[in-house]
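> So the chains spell out like this:
Protein chains: 2
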Amino acid sequence: MSKKIVVIGGSAAGPKAAARAKRLDPGAEVTIIQKAPEMSMASCGYPYFVGGLFNNRNALLSTPYGEVRDPHFFVNTKGIKARTETEVMSIDRQRRTVQCRDLTSDALDEVPYDKLIIATGARARKPPLPGIDLDGVTTLQSMRDADFLRRIRDEGAIKKAVVIGGGLIGIETCEALQLSGIDITVIEMLPQILMFLDWELAKVLENHVRSKAANVITDVKLAGFIGENGRLTAVRLENGTELPCELAVLAIGVAPNTDLAQAAGLEIGTTGGILVDEYMQTSDPDIYAVGDCVELVHRITGKKTRAPFGDLANLEGRVAGENAVLGNSVTFPGTFHTGICKVFDFNAGSTGLSESRARQEGFENIVTVINASLDKPEFMGAKLLISKMVVDGTTGRILGLQCAGPGDVGKQISMAAVALLGKLKVADVVNADLPYAPPFSLAIDHFIATAHLMENKLKGLLKGIGAVELKEKLDKGETPFLLDVRTPGEYDMMRLGIGETLIPIGDLRHRMDDLPSDKNREIICYCKISLRGYEAAILLEAEGWENVKVLEGGVMAWPYRREK
Amino acid sequence: MSKKIVVIGGSAAGPKAAARAKRLDPGAEVTIIQKAPEMSMASCGYPYFVGGLFNNRNALLSTPYGEVRDPHFFVNTKGIKARTETEVMSIDRQRRTVQCRDLTSDALDEVPYDKLIIATGARARKPPLPGIDLDGVTTLQSMRDADFLRRIRDEGAIKKAVVIGGGLIGIETCEALQLSGIDITVIEMLPQILMFLDWELAKVLENHVRSKAANVITDVKLAGFIGENGRLTAVRLENGTELPCELAVLAIGVAPNTDLAQAAGLEIGTTGGILVDEYMQTSDPDIYAVGDCVELVHRITGKKTRAPFGDLANLEGRVAGENAVLGNSVTFPGTFHTGICKVFDFNAGSTGLSESRARQEGFENIVTVINASLDKPEFMGAKLLISKMVVDGTTGRILGLQCAGPGDVGKQISMAAVALLGKLKVADVVNADLPYAPPFSLAIDHFIATAHLMENKLKGLLKGIGAVELKEKLDKGETPFLLDVRTPGEYDMMRLGIGETLIPIGDLRHRMDDLPSDKNREIICYCKISLRGYEAAILLEAEGWENVKVLEGGVMAWPYRREK
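Line order of the protein sequences matches chains L and U. In this text, residue positions in the first sequence follow the working numbering: the first is 87, and each later residue adds one. In this text, residue positions in the second sequence follow the working numbering: the first is 87, and each later residue adds one.
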């Protein structure tokens, strides 16, 4: 008799699990039950549809060759039965059935399963604040949300909006609405946007968002929404400020949809996601769970975590689909929390642990370095990259890499993600054999250059100082000798204005008299990206100064307000 | 007393070695002796200067912040003495000196060393053929060559040129000259261009080069050059053909400059490069050698090989510089033969072993797969990638990846290069946590998708057939049932025309009667990139056909002439 596989959820993880199961057991009866009218939505593409990067809504719902992934597609191409606009009301684990309701007719029925795969996803958090139900308060989570915001773009009536939450989706939404000609304010209750980055990199992006005429307010809490005649007129902050707006988009994270699983008595993990083992199997051996509704293992810390990413959802689905029909045979190893997003003309990504995350996790000997350099030669149209590498100083193992800037961030994070997969150490990367030609990279790729700086730091050859540490020193009234070694032309165009002395690197050797006579005085060297800053430090050390540091990332990675 | 470090060669590996030595031993006297008038030339950028992608010649000789790397720069910024237009005539290992000649004054002198670093590079091969010395016969190896070819571009007088050699530099030169409005023919004595790729991928690029109005002739041997009044008028092939032209660029590879080393009695390796150990140390413990003049270890085969790449030269220099001043402390692990180049609107790259190379190396259970897919979603401006993964079927270890197409080849090869570094297996990559967002990749990145196909093949779930194998079948008169499952519209625009039957994937389930009644008949399914071809194969197998294969890479990876 053919095996009955039922999949609850038809977005990303569900259809992938269904397809894999059917592929491995062509005789299986595979059914997907989906609450929404659409299936296999490319939900990560919503902000780009809203922002008008493309206009064909069907592109979000189609295969690469343009066929809409609807129930007809699933049955014709894959032999999978798909029911949309059907809600699963409950799971009867004893009888191995799910109870469904057709949302258009209200008809009830029961579907039997041999193996069940739960892919119920997550829902956007909506805190119970005053005014949360006003017209104009929305999220960007469903296709309906995307349609709503796209209509706002097309109608052009709304002038001011507030995005609540400066995470990945908040920032993508900010860009989409700003491109639609709407005046945007992003509010974030934490001290920074994009929490997958450490503060100083997040600040660089925050400054970029501001340069695009979108306002960003950090360290503020949302108090509620104010309206007139049921329509939103302003967002109110806890500090009393009111931000007038006709639209507010909540992007304060997602919560796993575990109601069904919980009601069925499945175990829920400590992070709030459905508990699964490495086979993506729940506490009931006949039930698997995948996608945004589960919790995963973090591949560095070994701890449970949630990682609601579309790419992982697909991979988890593939694993669960295989195990559901073949018995537990393949495993899903977990997540490095790899993520990336476009932020106007910049990109920002991360894999593994940030410095602050590594500290929270209890790593004791954390070494970090910031490297700002170009992604390819100047003459090939170079763009800047700013990377921060986080390493376990005891073992040399790379724990994480963050990267931001207008350059090719995707390649940097991709390489780092594969390096984490291979548990590579800094010493492995310093002599990596990467593809080099001028259209693609520098002779020493930014990734290797970052590892070189780290190696120098681990060997005590580079004494770096981060912008945050320097700023703290200055705020405490310390007076290190600050040495900017760029040219006067560069200085005129852009400068920190923190009491620095300008001596171009080429003149330095002849202008030693302009440096502190006290050889123990702390000197901090920098340039645009601290390449010349590093050269200067070497030179000063060779001349006997004992306490020379390099400001990591130079002017380009300075997260504070510059004099110019 | 300060240590004397002498470096012979001032292009890539030499200056890097010098800088690293000086950095680690600021008291050392470091001298670079360079024959050419320029130093630290970005020689990989020559084709883009010749092709007019940029016009500022100094960009090839400058730091990222625009300072020309001349002897003044080296002494001022790095405290390194650099002598240009100075040739080292010999090395006296007994007395530890090098004998130099100033090429402008002819003055001779002797420079003592404690440690010597040889970075004499390689020279373009020029076979002793008739007419080789005619005006108009050149190479693209030196700054002088680049200046010569750039002048040709600027003057616009030359109409026809022949590039001899279809390797990386040959193809880059072809593009540069074609962009200069010159009629180009590339001749290659082997059956394919770009030998770092397997034949079928190289053919895809060859077809692309032809589509850019540059002619490519493979399988032909150069006989010599014909001229009038000392000027080139044609290139003559061994088959008697004469190709009229006013310019011929030899790009048939480089030979390591080992004369000095050999005369000094240093050991030369089996591949013709200077023999060095993992410390980059030659057979004389006081002499190191780096860059294009040495031979390296291949990191997969463990055999000696040459890898004249600018990126490796820099990394080797860094290792030798450190060992020269600190004693042997760091090692250079060798090469994966990673390379990449731009070929008009396509890119092509490779890391590790190609299938043909793996066979030559004696691997017995080689499994390959070709994956053609997009680099990001269609709605974000997707471009095609065609990858071929080579795996050791016994262990599952990835041996190599090649990738070609208009898409983001650099990222694919970069990830694969890091995967090789980590000795990753296919099973490691199938669940990689890569950075995903629509502007950067598909939800399942092309690299993971390639690994998925490979995993399916290793598990016997995908029976693929390569274009070469299919073509051989057809040429032998075999008649597999060829099933194109694209839409009629796609078929009208582009098709193989090899006797195929068109049944769109969505109709297949209802048109089983149009398929062979013999369930053992060989059926080969395909579509544009064989994603739907794969779906079709699954469906036919589920319906009982026993011998179903997928044409890997589909229409897009078909290397032969299409009907349309």
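Take the hints with a grain of salt, since some may be wrong.
Any copy, or any two copies together, can satisfy a pair, since identical chains are not distinguished.
Claimed, not checked - Here are the simulated lysine-lysine pairs, DSSO-like style, with alpha carbons at most 30 Å apart:
| id | residue 1 | residue 2 |
| --- | --- | --- |
| 1 | LYS635 | LYS390 |
| 2 | LYS89 | LYS605 |
| 3 | LYS650 | LYS389 |
| 4 | LYS245 | LYS562 |
| 5 | LYS549 | LYS635 |
| 6 | LYS557 | LYS469 |
| 7 | LYS167 | LYS635 |
| 8 | LYS212 | LYS549 |
| 9 | LYS390 | LYS511 |
| 10 | LYS635 | LYS246 |
| 11 | LYS167 | LYS307 |
| 12 | LYS605 | LYS90 |
| 13 | LYS509 | LYS90 |
| 14 | LYS509 | LYS390 |
| 15 | LYS390 | LYS562 |
| 16 | LYS389 | LYS509 |
| 17 | LYS167 | LYS212 |
| 18 | LYS167 | LYS549 |
| 19 | LYS90 | LYS635 |
| 20 | LYS635 | LYS89 |
| 21 | LYS605 | LYS167 |
| 22 | LYS545 | LYS509 |
| 23 | LYS90 | LYS545 |
| 24 | LYS545 | LYS167 |
| 25 | LYS390 | LYS307 |
| 26 | LYS89 | LYS545 |
| 27 | LYS545 | LYS650 |
| 28 | LYS89 | LYS549 |
| 29 | LYS549 | LYS389 |
In case anyone wonders, no lab produced these hints; they're calculated from the structure.
> Any hints this thing doesn't respect? Which numbers, in order?
1, 3, 4, 8, 10, 11, 13, 15, 17, 27, 29
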